[in-house]
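Generate coordinates for the entire structure from the input sequences, incorporating the hints supplied.
So for the sequence shown, our numbering puts the first residue at 442; every next one is plus one.
Among the clues, some could well be false.
Unchecked claim - When the alpha-carbon atoms are kept at most 30 Å apart in a straight line, the in silico DSS-like pairs for lysine-lysine are as follows:
| no. | residue 1 | residue 2 |
| --- | --- | --- |
| 1 | 480 | 468 |
| 2 | 496 | 468 |
| 3 | 480 | 496 |
Said to hold, decoys possible - Pairwise CB distance ranges, derived in the manner of DEER restraints:
| no. | residue 1 | residue 2 | range |
| --- | --- | --- | --- |
| 4 | 494 | 526 | 33 to 41 Å |
| 5 | 494 | 473 | 12 to 20 Å |
| 6 | 541 | 447 | 13 to 21 Å |
| 7 | 537 | 457 | 20 to 28 Å |
| 8 | 513 | 492 | 33 to 41 Å |
| 9 | 509 | 446 | 29 to 37 Å |
| 10 | 470 | 495 | 30 to 38 Å |
| 11 | 458 | 506 | 33 to 41 Å |
| 12 | 495 | 469 | 16 to 24 Å |
| 13 | 473 | 534 | 33 to 41 Å |
| 14 | 494 | 528 | 21 to 29 Å |
| 15 | 470 | 494 | 31 to 39 Å |
| 16 | 529 | 487 | 31 to 39 Å |
These are computed hints drawn from the structure, not numbers from a lab.
All C-beta atoms, glycine included, are put in the ideal place defined by N, C-alpha and C.
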Amino acid sequence: MRRDPLEIDVLSYANGPINAAYVVEVKSHAREESIAQMKALLTRFRQFFREHGDKRVFGILTAVDLSAELRERALREGFYVARIDDQVFELDVPADSQLIAY
Numbered sequence: 442m443r444r445d446p447l448e449i450d451v452l453s454y455a456n457g458p459i460n461a462a463y464v465v466e467v468k469s470h471a472r473e474e475s476i477a478q479m480k481a482l483l484t485r486f487r488q489f490f491r492e493h494g495d496k497r498v499f500g501i502l503t504a505v506d507l508s509a510e511l512r513e514r515a516l517r518e519g520f521y522v523a524r525i526d527d528q529v530f531e532l533d534v535p536a537d538s539q540l541i542a543y
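Following this line, the structure appears as structure tokens:
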């Protein structure tokens, strides 16, 4: 069975009590399809990284250019949102009720 390749910009993980993986998608200009791309990436993650099968997997959408509307939508979808503006890094965390682990 042939699998299409899976491209991940950044992968970070922790074992032990945290036992989570963070998949980061980096965009210079985030668009609506960036959210769909992140969902597809997270859905396929365990198929490619079986060694992380027991971890909670979270998505982080990172962008230099991201509209306020798209930022809010990404947070509602359960993703972290990382932004760089005027050389300042900001990380927005979805509300606990919205945070989704894949």
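Next on the checklist: Given the hint of 13 to 21 Å, is the C-beta distance from residue 541 to residue 447 inside that range or not?
Outcome noted: Hint holds: Cβ distance 19 Å, inside 13 to 21 Å.
Checklist entry - CA of residue 480 to CA of residue 496, is that 30 Å or under? => result Given that 30 Å is the threshold and the Cα spacing comes to 17 Å, the pair holds.
Checklist entry - Taking 30 Å as the top limit, are the C-alpha atoms of residue 480 and residue 468 close enough? => result Holds: residue 480 and residue 468 sit about 15 Å apart, inside 30 Å.
Checklist entry - Are residue 529 and residue 487 spaced within 31 to 39 Å by their CB atoms? => result holds, 34 Å
Item to check | Outcome of range test on Cβ distance (residue 513, residue 492; 33 to 41 Å) | outcome: 34 Å Cβ-Cβ, so the 33 to 41 Å window holds.
Checklist entry - Does the hinted range 20 to 28 Å hold for residue 537 and residue 457 at CB? => result Given about 22 Å between the Cβ atoms, the range holds.
Checklist entry - Is 33 to 41 Å right for how far apart the beta carbons of residue 494 and residue 526 are? => result holds, 36 Å
Checklist entry - Does the Cβ distance between residue 509 and residue 446 fall inside 29 to 37 Å? => result holds, 33 Å
Next on the checklist: Check the hint pairing residue 496 with residue 468 against an upper bound of 30 Å on the C-alpha distance.
Outcome noted: holds, 25 Å
Checklist entry - Quick one: are residue 494 and residue 473 within 12 to 20 Å, going by C-beta? => result violated, 30 Å
Checklist entry - Taking 30 to 38 Å as the hint, is the beta-carbon distance of residue 470 and residue 495 inside that range? => result For residue 470 and residue 495 the Cβ distance comes to about 35 Å; the hint holds.
Next on the checklist: 31 to 39 Å was suggested as the range; check whether the CB atoms of residue 470 and residue 494 agree with it.
Outcome noted: With Cβ atoms ~33 Å apart, the hint holds.
This entry does not satisfy hints 5, 12, 13, 14, going by the numbered hints stated previously.
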